[in-house]
Amino acid sequence: MTAARPLLSVQDVKANYGPVEALRGVSLDVFPGEIVALIGANGAGKSTLLMTICGDPRASAGRVVYDGAEITNTPLHEMVRLGIAQSPEGRRIFPRMSVLENLQMGAFAGDPANFGGDLDRVFRLFPRLAERRDQRAGTMSGGEQQMLAIGRALMSRPRLLLLDEPSLGLAPLLVAQIFATIKEINRSEGVTVLLVEQNAYHALRLAHRGYVLVNGSIRMSGAGSDLLANPDVQKAYLAGGHH
Amino acid sequence: MDGTKAANALKEAGLAALVALLLAVPLIGFRLTEGLQGLGIETRFDWVAWGVGVVFFGRFGLALTRGSRGDLLGHLPAMPKFPTGTGRTVAGLLLLLAIAMPLLPVADRYMVEIAITVLIYVMLGWGLNIVVGLAGLLDLGYVAFYAVGAYTYALLAINFDMSFWLCLPIAGLFAALFGIILGFPVLRLRGDYLAIVTLGFGEMIRIVLLNWKEFSGGPNGISSIPRPDFFGFPFAREGEPGQTTFHQLFGLEFSPMHRIIFLYYLILVLALLTNWFTLRMRRLPVGRAWEALREDEIACRALGINPTNVKLSAFALGAMFGGFAGAFFATRQGFISPESFSFIESAVILAIVVLGGMGSQMGVVIAAAFLILVPELLRDFSQYRMVLFGMAMVLIMLWRPQGLVAHRAPSARLEAGA
Numbered sequence: 001m002t003a004a005r006p007l008l009s010v011q012d013v014k015a016n017y018g019p020v021e022a023l024r025g026v027s028l029d030v031f032p033g034e035i036v037a038l039i040g041a042n043g044a045g046k047s048t049l050l051m052t053i054c055g056d057p058r059a060s061a062g063r064v065v066y067d068g069a070e071i072t073n074t075p076l077h078e079m080v081r082l083g084i085a086q087s088p089e090g091r092r093i094f095p096r097m098s099v100l101e102n103l104q105m106g107a108f109a110g111d112p113a114n115f116g117g118d119l120d121r122v123f124r125l126f127p128r129l130a131e132r133r134d135q136r137a138g139t140m141s142g143g144e145q146q147m148l149a150i151g152r153a154l155m156s157r158p159r160l161l162l163l164d165e166p167s168l169g170l171a172p173l174l175v176a177q178i179f180a181t182i183k184e185i186n187r188s189e190g191v192t193v194l195l196v197e198q199n200a201y202h203a204l205r206l207a208h209r210g211y212v213l214v215n216g217s218i219r220m221s222g223a224g225s226d227l228l229a230n231p232d233v234q235k236a237y238l239a240g241g242h243h
Numbered sequence: 001m002d003g004t005k006a007a008n009a010l011k012e013a014g015l016a017a018l019v020a021l022l023l024a025v026p027l028i029g030f031r032l033t034e035g036l037q038g039l040g041i042e043t044r045f046d047w048v049a050w051g052v053g054v055v056f057f058g059r060f061g062l063a064l065t066r067g068s069r070g071d072l073l074g075h076l077p078a079m080p081k082f083p084t085g086t087g088r089t090v091a092g093l094l095l096l097l098a099i100a101m102p103l104l105p106v107a108d109r110y111m112v113e114i115a116i117t118v119l120i121y122v123m124l125g126w127g128l129n130i131v132v133g134l135a136g137l138l139d140l141g142y143v144a145f146y147a148v149g150a151y152t153y154a155l156l157a158i159n160f161d162m163s164f165w166l167c168l169p170i171a172g173l174f175a176a177l178f179g180i181i182l183g184f185p186v187l188r189l190r191g192d193y194l195a196i197v198t199l200g201f202g203e204m205i206r207i208v209l210l211n212w213k214e215f216s217g218g219p220n221g222i223s224s225i226p227r228p229d230f231f232g233f234p235f236a237r238e239g240e241p242g243q244t245t246f247h248q249l250f251g252l253e254f255s256p257m258h259r260i261i262f263l264y265y266l267i268l269v270l271a272l273l274t275n276w277f278t279l280r281m282r283r284l285p286v287g288r289a290w291e292a293l294r295e296d297e298i299a300c301r302a303l304g305i306n307p308t309n310v311k312l313s314a315f316a317l318g319a320m321f322g323g324f325a326g327a328f329f330a331t332r333q334g335f336i337s338p339e340s341f342s343f344i345e346s347a348v349i350l351a352i353v354v355l356g357g358m359g360s361q362m363g364v365v366i367a368a369a370f371l372i373l374v375p376e377l378l379r380d381f382s383q384y385r386m387v388l389f390g391m392a393m394v395l396i397m398l399w400r401p402q403g404l405v406a407h408r409a410p411s412a413r414l415e416a417g418a
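Chains as they are written, first to last, in the working numbering: chain A, 1 to 243; chain B, 1 to 418.
These are computed hints drawn from the structure, not numbers from a lab. Since this is a predicted model, take the numbers as computed values, not measurements. Cβ atoms here follow ideal geometry from the backbone N, Cα and C, with glycine treated the same way. The reader is advised that the hints may include incorrect statements.
[Claimed, not checked] Pair ranges (Cβ atoms, derived):
(1) B:Phe230 x A:Gly116: 47 to 57 Å
(2) A:Asn114 x B:Glu113: 51 to 61 Å
(3) A:Asn73 x B:Phe230: 37 to 47 Å
(4) B:Gly53 x A:Glu89: 56 to 66 Å
(5) A:Ala130 x B:Thr308: 31 to 41 Å
(6) B:Pro401 x A:Glu89: 24 to 34 Å
[What the hints assert, rightly or not] Selected chain A positions facing chain B (in silico; Cβ < 8 Å):
(7) Ser60
(8) Phe94
(9) Pro95
(10) Met97
(11) Phe108
(12) Ala109
(13) Asn114
(14) Asp118
(15) Arg121
Generate coordinates for the entire structure from the input sequences, incorporating the hints supplied.
Have a look at this one:
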């Protein structure tokens, strides 16, 4: 696998929020077909890294390379056409619009001819969304809204899916269900996933590989199961018993 | 427990009385009189005392009996729940009424004229609804596009002798062009900043029209703007030699009502066109993107929507309908001046959109009818007219803070089995 060219390569990226250095030279690779988890404490810079990949905030140094081409300065709205979809932090569904309309917005940049098939695919992955398709998205439960955020991202037929905290605020049973679906999306659809998570236990069990971010730099990396077994990781991120 | 309640009520009443006092001293307390020795000032502090007393005891009583402000709202009747499909039926009935209205025996000239005014505001409300209601861009200078449309028609018709039907699309395109010129640099701004820039733009257009005398006639405006004809047949008692007039064409007795009824149907068609267009757009990706943009701009960008382009399209299309309405206004009035395009017009149109429920087409109709008709109906109350109007507005906003028609129908549904 490591012989292949990475689909996404973050190379020594730095980013600032005003005078605060949020990322101090982060490098990571995501290879085609992988699920990669990025874990770390609150404020370690996980979401910032995901946002910097998308160009907001801009990286002050370093490069982001996608499929062999540099995308460090590509505007966010052009990412989808390259095959990068994201479910941003806080889900950011359109609360006043119906579930179906949200999914239509997900297909905005795509070919309308694919819409019907893609909709069926998303409804198969999340049968709940099919039941609720005419409901106002803002009136659904947190878990359903998370499903919608992921489903909406999938409507653009991405090659790379960026997920920011999909487990945030969800009941344990729902977390397990969402992670099972992410696995399914990766395995049967071949979508590469970069996952940012505070729920380290679930994320590392799911991921092929993981990175641990501490204070804006990568502290550790390795196979998901290795990190899960690592005593330092266990002490720092799993002691709370997130499962 | 009763003690604290009374103390609170006293405090509330005291505050209300203080506000009343501050307002009443300059507004009621002094009165300009014209005497033999010239102008004098008469004081009426007894009136002020009465007013403040009424406010104090009224507020005290209200606070005691109702408890808090929240309770007062709770006592207002709730909006009745309509079964689904009512909107469609009501819209259909209203449309039938609108079509039949000028032909009804009760419809006199005054009624049809008022109806035309209402329809102009319905059309402007629908146009601004694209910008404010759907795309969520607060535009405080919408009247600028109305003015551009009106002056485009007036100047083209007078200087180049162009017909209304040719000028109408040009006026719309011109207004849209102004929308793009304004929108391009400012649409990167967020909410309140955008509001300030659009407010300034609206005033700029008015002030340019006021001062550029050679071009726009300045404060004198433009008069004898050609009236529309019936596709080449004028509405006149006597046509020019060799010209057939409207009443000759149809073998009718000449009546000045013909032109007014024609204007009525013209604005009805223009307004319905605006509505039809908006409803179509809502089903297209661009139209849905307007609404999505109002909800969450970052999510839109993540989905591949270029916010600048989408906002620009909403701005330009909203401006275009403002331009159409302006051209109609010019031909209806026969006279335009910068006075017709002051900020208060923008405010009224915005009030129609907000009162109607931001994005609701039906809400705009109801709100426009309310805002135009109520001041008309209250004419009998002469000097209390604006007070009653203000009270009605306050009551509506207490009763329905989210607007008269807050329900939003989804733009897409899957057919069963699809």
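Quick rundown of the hints versus the structure:
Taken as a hint, the range 47 to 57 Å holds for the pair Phe230 (chain B) and Gly116 (chain A), whose Cβ atoms sit roughly 48 Å apart. The hinted range of 51 to 61 Å is satisfied by Asn114 (chain A) and Glu113 (chain B), whose Cβ atoms lie roughly 54 Å apart. The hint said 37 to 47 Å for the Cβ distance between Asn73 (chain A) and Phe230 (chain B), and at roughly 59 Å that hint is violated. The hinted range of 56 to 66 Å is satisfied by Gly53 (chain B) and Glu89 (chain A), whose Cβ atoms lie roughly 57 Å apart.
The supplied range of 31 to 41 Å is met by Ala130 (chain A) and Thr308 (chain B), whose beta-carbon atoms lie about 35 Å from each other. Distance hint check for Pro401 (chain B) and Glu89 (chain A): the Cβ-Cβ separation is about 30 Å, which falls inside the suggested range of 24 to 34 Å. Given hint, Ser60 (chain A) at the interface with chain B, is violated; its Cβ is 21 Å from that chain's nearest Cβ, farther than 8 Å. Hint status for Phe94 (chain A) relative to chain B: holds, with the closest Cβ pair at about 4 Å, below 8 Å.
With its C-beta approaching chain B no nearer than about 6 Å, Pro95 (chain A) sits inside the 8 Å limit, and its interface hint holds. Interface restraint check for Met97 (chain A): the shortest CB-CB distance to chain B comes to about 6 Å, inside 8 Å, so the restraint holds. Checking Phe108 (chain A) against chain B by beta carbon gives a least distance of about 5 Å; that is within 8 Å, so the hint holds. Interface restraint check for Ala109 (chain A): the shortest CB-CB distance to chain B comes to about 3 Å, inside 8 Å, so the restraint holds.
At its closest, the beta carbon of Asn114 (chain A) sits 14 Å from a beta carbon of chain B; the interface hint therefore is violated under the 8 Å criterion. Of the supplied interface hints, the one on Asp118 (chain A) is violated, with its beta-carbon coming no nearer than about 13 Å to a beta-carbon of chain B, more than 8 Å. A hinted interface residue such as Arg121 (chain A) counts as satisfied when its beta carbon comes closer than 8 Å to some beta carbon of chain B; here the least separation is about 15 Å, so the hint is violated.
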